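Read off the chains here:
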Amino acid sequence: MAYFISQSLFFIIPLLIVAIAGMFSEKSGTVNIALEGLMVIGAFCGILFINKMQGIGAFANSPQLLLIFAIILAGMGGALFASLLGFLAINMKADQTIGGTALNLLAGSLAIFLAKQSQENHAVQITYDKEVFRLNSDFLKNIFPNINYVFFDMAYLTTYIGLLILIIATIVIYKTRFGSRLSACGEHPEAVQSVGVNVYHYRWYGVLISGFLGGLGGLVYALPISVSFEGTVAGYGFLALAVLIFGQWKPLRILFAAIFFGVFKTLSVTFFGIGWINYLIIEFPNVPFGMIFRMLPYIATMVVLALFSKKSRAPKASGKPFLGAAR
Amino acid sequence: MNDMMTKLKSKWLRFKETDGFHTLMGSLFAIGVGLLIGIIIIILVNPSESGEGILRLIKGFMNHPRGAWIGLGQLLYRITPLIFTGLAVAFAFKTGLFNIGASGQYTVGLFAASMVGILGDSLGGFQWIVAVFAGMAAGFIWGAVPGIFKAFFNVHEVITSIMFNYIGMYLVNGLLNSSFLRTRVVDGTTNRTLVVDQAARTSYGPFNAIFPNSGLDISFLIAVAVAVILFLVLNKTVFGRELKSVGMNRDAAKYAGVNEKRSLILSMAIAGMIAGLGGALFILAPSTRNLGNAYAIENVILPAGFNGIPVALLANSNPLGVILSTLFIGHITLGGASMQSVGFVSEIVDIIIGVILYFSAFALIMTQYLGKFKDYVAKRKKDKSLPPSTEEVKEGKQ
Numbered sequence: 001m002a003y004f005i006s007q008s009l010f011f012i013i014p015l016l017i018v019a020i021a022g023m024f025s026e027k028s029g030t031v032n033i034a035l036e037g038l039m040v041i042g043a044f045c046g047i048l049f050i051n052k053m054q055g056i057g058a059f060a061n062s063p064q065l066l067l068i069f070a071i072i073l074a075g076m077g078g079a080l081f082a083s084l085l086g087f088l089a090i091n092m093k094a095d096q097t098i099g100g101t102a103l104n105l106l107a108g109s110l111a112i113f114l115a116k117q118s119q120e121n122h123a124v125q126i127t128y129d130k131e132v133f134r135l136n137s138d139f140l141k142n143i144f145p146n147i148n149y150v151f152f153d154m155a156y157l158t159t160y161i162g163l164l165i166l167i168i169a170t171i172v173i174y175k176t177r178f179g180s181r182l183s184a185c186g187e188h189p190e191a192v193q194s195v196g197v198n199v200y201h202y203r204w205y206g207v208l209i210s211g212f213l214g215g216l217g218g219l220v221y222a223l224p225i226s227v228s229f230e231g232t233v234a235g236y237g238f239l240a241l242a243v244l245i246f247g248q249w250k251p252l253r254i255l256f257a258a259i260f261f262g263v264f265k266t267l268s269v270t271f272f273g274i275g276w277i278n279y280l281i282i283e284f285p286n287v288p289f290g291m292i293f294r295m296l297p298y299i300a301t302m303v304v305l306a307l308f309s310k311k312s313r314a315p316k317a318s319g320k321p322f323l324g325a326a327r
Numbered sequence: 001m002n003d004m005m006t007k008l009k010s011k012w013l014r015f016k017e018t019d020g021f022h023t024l025m026g027s028l029f030a031i032g033v034g035l036l037i038g039i040i041i042i043i044l045v046n047p048s049e050s051g052e053g054i055l056r057l058i059k060g061f062m063n064h065p066r067g068a069w070i071g072l073g074q075l076l077y078r079i080t081p082l083i084f085t086g087l088a089v090a091f092a093f094k095t096g097l098f099n100i101g102a103s104g105q106y107t108v109g110l111f112a113a114s115m116v117g118i119l120g121d122s123l124g125g126f127q128w129i130v131a132v133f134a135g136m137a138a139g140f141i142w143g144a145v146p147g148i149f150k151a152f153f154n155v156h157e158v159i160t161s162i163m164f165n166y167i168g169m170y171l172v173n174g175l176l177n178s179s180f181l182r183t184r185v186v187d188g189t190t191n192r193t194l195v196v197d198q199a200a201r202t203s204y205g206p207f208n209a210i211f212p213n214s215g216l217d218i219s220f221l222i223a224v225a226v227a228v229i230l231f232l233v234l235n236k237t238v239f240g241r242e243l244k245s246v247g248m249n250r251d252a253a254k255y256a257g258v259n260e261k262r263s264l265i266l267s268m269a270i271a272g273m274i275a276g277l278g279g280a281l282f283i284l285a286p287s288t289r290n291l292g293n294a295y296a297i298e299n300v301i302l303p304a305g306f307n308g309i310p311v312a313l314l315a316n317s318n319p320l321g322v323i324l325s326t327l328f329i330g331h332i333t334l335g336g337a338s339m340q341s342v343g344f345v346s347e348i349v350d351i352i353i354g355v356i357l358y359f360s361a362f363a364l365i366m367t368q369y370l371g372k373f374k375d376y377v378a379k380r381k382k383d384k385s386l387p388p389s390t391e392e393v394k395e396g397k398q
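Which chain is which? The protein sequence lines are F and P, in order.
Taking our numbering as reference, the numbering of the first sequence is continuous, increasing by one, and the terminal residue is 327.
Taking our numbering as reference, the numbering of the second sequence is continuous, increasing by one, and the terminal residue is 398.
These aren't lab readings, by the way, just hints derived from the structure by calculation.
All of these numbers come straight from a predicted model, not from anything done at the bench.
Ideal placement from N, C-alpha and C gives every residue a C-beta, glycine not left out.
Hints may be right or wrong, so weigh each one.
[Said to hold, decoys possible] Derived contacts from chain P toward chain F, CB cut-off under 10 Å, selection only:
hint	residue
1	V45
2	S48
3	S50
4	I54
5	M163
6	I167
7	F239
8	L313
9	E347
10	G354
11	L357
12	A361
Okay, chain F solo, but in the shape it has when bound (with noise of 0.2 Å):
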């Protein structure tokens, strides 16, 4: 069971940060369909710079701080690759969703040419040493070694950046005048201009922080799971977009999605090591189990969505340029 909820959380959390990530852009009034292009920049971004330190040996005494600067970088990439959709989106008041196909193209070339470019074999790998990064600690390992399993052995310190998003994400959304102001942007930008509020800024704010989230979580995806980066994260800015949408693009709501969709998702891959499962594949040994816990996470959350979705909730003016003063 720790084992199960370990692994749950590889896939819980960067679902999550890259569907809070979403959820600043759509707020504010631009659709984000580049967050498979996003994580991927932010992904290589922080794991070339992982690589290239290794490399030298700095910070060989301080992982954690080397992850930090990491994260930030990955960060800072994907704000900045951003920003190429929050210009085509609203300042040139282009197509969102052809902006965010041609980002997504881009971001795959790009992380593969500059791999290749930057590594003396022209290899398309960028390796690295996770281990290092595993939190390892022993706390609480003699009263609730369970816990201290999850949370402190194996856990990284991305986990607990995950957490913190969402919580300073509900914050900002809730709680601020920053966020409501961004919220209304994306519901009915002529009346915030209509109080003297700039919409290009807000929109601009929600772009750029997506981006840095969404580059954030391309690294907090793809850090844990392999020992090499090789320019891909396999469809997991899609899937955060569907986390996004089954969230109803609210915090909490998002939480239950991720948390959801990675619960059936590492059943899916861990299935056969757990007993009463395995007890029913030997019992049953015409039923294809493989098959129908791999296609359980997506069959449930449509059935979910089917039952639950009447009555959505998406910001109203997101996807649509904002053309300026109320006509």
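Position chain P relative to chain F; hints supplied.
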């Protein structure tokens, strides 16, 4: 003679005012910027080989070792699946839906066709046509699902499409790994499906004579025919107008007497059917070049569907434009492959395509701005020569 010239000129002038012209100009502008950035990258990466690299990029299909003509055949062969997925995305776009699920539809179509192609020996001469229809039917069903979820449960088609990409891929792989199919249709050593029966293959048609050994078969002609049919359906039929009206305003279409749920589902289903047809024709191709006739059982979503999105967008979702944009993307992709032998990574081409798509997004806006600017200049000239009319004065006051 003079008559014809004036006629042509007036036609040209009228064409210049159409949206189609603006789109074309916008696309050409975007392509120019994309190529320029690509050339700059090539020069920066390796100045000494850059001349050869740029030449190879521009030459595209003409780099083929057996000459430009065979290269052209190979280009058409390579782009055919992309035309289908591009059309699947473009058709849905025209009816106001974002079909991001072409990959899933393509995969199930490919699977259904290959099952008929391997197991349907008893069908004899009908085997290939049944296989094609099986692929279309599978794609139709897979496309209909996001439509149904949107029409009845108000679930956005993007999320359903993404989910059904995964469900389709896992379903197909799971079925192929089942005890029944594994022994009959899978080559255990390569973990790929078997190549379909000879009777299930599509025909080379005239192409083996025209482009010897290029691999091109009649699928390309079918793709062009589908593009023409979709163009006509969208622009010349009541049915097409209905589908488009639902895309523009669902409630208004409903009010005007269109069965909006049915239209929505049909739009997606038809899009899925086209992607499924693409998958079917891909797996049934008579040439085994590029391991075309086998499906590798890997837990990876086929990129063919996603690649259809930029193709459709670059063409502004015009079915006939899709053929042109696919030709262009196929051309520079072949150029990129050829560039590798002089030391340039082929991803430069993907960067170029990304840049082109990025600029095409606001090239449309730019041409509109340019149009407005011209109007403004013309108006200024007019204003100087003539006193403002009363209407203009009124407008100015508002």
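To see whether the hints hold, each was checked on the structure:
no.: 1; hint: V45; in the structure: holds, 7 Å
no.: 2; hint: S48; in the structure: violated, 16 Å
no.: 3; hint: S50; in the structure: violated, 15 Å
no.: 4; hint: I54; in the structure: violated, 17 Å
no.: 5; hint: M163; in the structure: holds, 4 Å
no.: 6; hint: I167; in the structure: holds, 5 Å
no.: 7; hint: F239; in the structure: violated, 25 Å
no.: 8; hint: L313; in the structure: holds, 5 Å
no.: 9; hint: E347; in the structure: holds, 4 Å
no.: 10; hint: G354; in the structure: holds, 3 Å
no.: 11; hint: L357; in the structure: holds, 4 Å
no.: 12; hint: A361; in the structure: holds, 4 Å
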